[in-house]
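Here the protein sequences come in this chain order: A and B.
The first sequence begins at 18 in this note's numbering and counts up by one.
The second sequence begins at 804 in this note's numbering and counts up by one.
Because the hints were derived from the structure by calculation, they are not lab data.
Heads up, a few of these hints could be off.
[As the list claims (entries may be wrong)] List time: in silico DSSO-like cross-link candidates among lysine-lysine, alpha-carbon distance up to 30 angstroms:
{"#": "1", "chain 1": "B", "residue 1": "Lys889", "chain 2": "A", "residue 2": "Lys442"}
{"#": "2", "chain 1": "B", "residue 1": "Lys1053", "chain 2": "B", "residue 2": "Lys1074"}
{"#": "3", "chain 1": "B", "residue 1": "Lys935", "chain 2": "A", "residue 2": "Lys20"}
{"#": "4", "chain 1": "A", "residue 1": "Lys20", "chain 2": "B", "residue 2": "Lys926"}
{"#": "5", "chain 1": "B", "residue 1": "Lys1053", "chain 2": "A", "residue 2": "Lys265"}
{"#": "6", "chain 1": "A", "residue 1": "Lys20", "chain 2": "A", "residue 2": "Lys84"}
Listed here are the chains, written in short residue letters.
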Amino acid sequence: MHKIWTLFKREYRAAVKTKSFIISLVLVPIMMGGGFAAMIIMENNKDTDDKHFVVIDHSGLMTVPLKEALEKRNSEEIFHTNTGEKTDAAYVVEFAEFDSQDPEGQRLALSERVETQELHAIIEIGPDIMYPAGENKEAYLKYYSQHSFNDQIRYWFQSVVNNKLRELRAAELNLDETQAENLLWWINVEGMGLVTVDKKTGEQQDAEKTNELQTFLVPYVLLILMFMLVMMSAIPQLVAVMEEKNEKIAEVLLGTITPFQFMMGKVLGGIGVSLTTAAIYVGAGVFTLNYMGMESLIPVEVLPWFFIYTVLFILMVGSGMASLGATCNDNKDAQSLTFPGILPAIIPMFLIAPVIADPTGPLATTMSLIPPFTPTVMVMRMASSVTIPMWQPVLGLIGVILFTIFTVWIGARIFRTAILIQGQKPTFATLYKYAFKG
Amino acid sequence: MNIIELTNVSKVFGTVVAVNKLSLEVPKGSIYGFIGPNGSGKTTTIRMIMKIMYPDAGKLLVHGQETKFERLKNVGYLPEDRGLYKKMKIGELLKFHGELNEGTDLPRLIDYWLERLELKAYKDKKVETLSKGMRQKLQFIATILHQPELIILDEPFSGLDPVNSEMMRDIILELQQKGATIIFSTHDMAMAERMCDYIFMIYEGKKVLDGTLDNIQDQYGLDTLRIQSDLGTEALKDLKGIDNVNDFGKLQEIRLEEGVDPQKILAELLKKTRISKFEITKPSLNDIFIRIASPERKEAANA
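Start from the sequences and build out the full structure, keeping to the hints where you can.
Written out as structure tokens, the structure is:
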């Protein structure tokens, strides 16, 4: 144990003292948060230049309401309430007569004006827009622009047109304002947690509303963090061991320590680095959420499981990568073995959506009980807003412990044989030979 | 008392028999030299002693005990292929190796050995800043820092200049005087002759020589002549009874055929030239090595 500890200390210090560790510690959250930051920056730096549109209203019903809405928007809604500064673009609309002689020619001419950026978009309102039932092809609202799918402005026109249509339809049915509101009110389903009993006080706790952040963000962040920790500490073991083999450091150490101690010292060093990183990130996350008054998002009960599963996951993948590194002679060998080695970390990334959508479904449950995928998938399920039966994380943990012991054992056997062999290509046949025949 | 005992130890790699039924006894407190051509099995033997490799057959005892997986305690090992963590500082690296070998009094010993091997000024420098020779000295310190009682050195002098070779030789002899047992492999026959109490030669996996230098030389008898004459090699032309001539310019070393009388050779030479030196001696270790491992002998053995 003393020798593993000595090697662990060296590996840990060698990793955390490097500039790359400190840079990655800072850069990764910046990169992860970069998307959100970019969105906020974009939000605060809107294009305030006027945008020009042409509307062709075949129905003749929407010209006046649109003019009124535009008037209101351009005079009130695009200016900061306190400073009076212009914060959004004004919409300038030209209402065109429909050219019934040459409709395609008219659309082409207007499209060319969009292409030259004289216009932002063209809006065409169908003649039967009041009566869309029965798949009426003349009831349409079309928005022609260069990037119509991403262009959020179309929703402003959609909103104005639909609100007016509802008003007109209610008037046609002689409904008053309240009747019309009741008719059109859409009741949303409220996602609730379960009613529970407080273990300390014995009092019944009311069910709490679930929210989208809790449902999606928490499992997502924990998965990404675990993936990142594995990528930081377990995956580099392959190249590190290969280099120590090629630089003949391995034989010097093997005179003093057994291959198993060598491998474990390195892998535990990696775990130490990961736990340091995790403690910093989780600590910073908890502090930030507390500061923002969002402490309900902290998955307090899941965090111990997260740390246990992360340690085992790194031990499992790290010992596999270290043993594969011992079989490599050059970077080409290392490249060919890296991908199969990181599959247990990558495959769960493709399962984020189905697992979060249905954490107790057959796919999520089954995958969470297959040991290489248990750490990531089980933590995702546990961090979601649903309660999963307690026997599942316990069974998953037993499976992961047994599988980790197996991978460490196999890894040590491969490592022991391969670490001094030069020039032998790592194939599945040689790996099998090293693992089971020595 | 023997510190190491090998009995019929063999190691096979695929179809190649690297070590073939090797038996060897290394007495405690001795310096044992391992010699042999490249690829003859020296390093494999050393790796088996160090438990880095396991014998396929035979018995290997260290301190009278047969342990398979445990690492040997109180042993210093300098492998032929040496490597150091290049990014570590020299002082830190030595501390790491000292701790790994469970050494005591490390800070004092680190300073002592760095001073002794003229590396003190580099203590806080990274390993990558050292020259090849300096790294070799550093690795030697890492090997002996924890004051091991058994020191195994695989080619310790290769790559060192004469001054550093002598420095390291003196230290090895000093460690022996303090009670350590030393095994080292070398291609430097002169160094082996001067330092070793016992010499063991392995050739194609088999032991071909084992014993003290005198014992080994006695096996070959007084069959070597060292001659200095005015005619040099010219004087040796057409001379009967000569097995081999080593020409060193001003001196020729002659190996006689079996049963040839050196006095007859002297008489023949005196008829041709003036002789300034004529010495009848045992063969050198270098000569014995060449006799065993030369390509001619291999061809003759295969014929």
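Holds or violated: A/Lys20 to B/Lys926, with C-alpha atoms at most 30 angstroms apart: Between A/Lys20 and B/Lys926 the Cα gap is close to 24 angstroms, so the pair holds against 30 angstroms.
Restraint status (C-alpha distance of B/Lys1053 to B/Lys1074 at most 30 angstroms): Judged against 30 angstroms, a Cα distance of about 20 angstroms means the pair holds.
Restraint status (C-alpha distance of B/Lys889 to A/Lys442 at most 30 angstroms): 27 angstroms, holds
Hint consistency between A/Lys20 and A/Lys84 [alpha-carbon to alpha-carbon, up to 30 angstroms]: 81 angstroms, violated
Pair hint B/Lys1053 and A/Lys265, alpha-carbon separation not exceeding 30 angstroms: 44 angstroms, violated
30 angstroms limit on alpha-carbon distance, applied to hinted pair B/Lys935 and A/Lys20: Holds, at roughly 28 angstroms.
The structure does not agree with the numbered hints 5, 6 stated previously, though it agrees with the rest.
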